[in-house]
Amino acid sequence: MVVLQRVYTMASPWGGIVELKRKEILLLSYFRHNARLALTKISKEIGMPVSTIFDKLKKYEETIITKHTSLLDFNKLGYATRASIFLRTPPQNRASLSSFLRGHPSVNTVYRINNGYDFMIDGIFRTVQGMEEFLEHLEIDRGVTQKSVHFVIEEVSRERFMAEPKLVQ
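602 is the number that our numbering gives to position 59 of the sequence shown; each next residue is one higher, with no gaps.
Worth flagging that the hints you see were computed from the coordinates, not collected in a lab. Predicted model, so just to flag it, every value in this text is computed and none were measured. Treat the hints with care, as some may be off.
[To be verified] Using 20 angstroms as the maximum straight-line C-alpha spacing, the simulated EDC-like pairs for lysine to aspartate or glutamate come out as follows:
{"id": "1", "residue 1": "610", "residue 2": "676"}
{"id": "2", "residue 1": "601", "residue 2": "567"}
{"id": "3", "residue 1": "599", "residue 2": "707"}
{"id": "4", "residue 1": "599", "residue 2": "562"}
{"id": "5", "residue 1": "584", "residue 2": "567"}
{"id": "6", "residue 1": "690", "residue 2": "665"}
{"id": "7", "residue 1": "564", "residue 2": "604"}
[Unchecked claim] Pairwise CB distance ranges (calculated):
{"id": "8", "residue 1": "672", "residue 2": "578", "range": "30 to 38 angstroms"}
{"id": "9", "residue 1": "698", "residue 2": "579", "range": "20 to 28 angstroms"}
{"id": "10", "residue 1": "654", "residue 2": "614", "range": "15 to 23 angstroms"}
Ideal Cβ positions, reconstructed from N, Cα and C, are used throughout, including at glycine.
Generate coordinates for the entire structure from the input sequences, incorporating the hints supplied.
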């Protein structure tokens, strides 16, 4: 059997392009799928020496892996309200609002966006009332001029991009 080694290029968040071979993308998908998986098991699955995997992991941690983390079921922790919230604010308020959002305990993720809004946040709250109080504070004290709230009814899929080794093979 002949296996072609294709080279894939990916944009790097630090500027420039990262070139990865198919096997390296497969390795990254194993890390994305389960970062706690033993390197020896990954080695057997993809046919790459453990020492090579270890070296690549260390290299990736300096370049393209930004964080090792666990995905939690927030409902089971008592956080029943989750929403994608789009916010618009005047240009002079953007920096301070960004700083506030990044430091707020109910804000899971903040994105800078375009097309009519300035930020999109993933907010996680114990109650709808808690979320409403947060939104009221944004309008009264933080200069938010427009908002659009979209409640998450059910999580259908999360963190799937490049996280399924069978889809990479």
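Failing hints, ascending?
1
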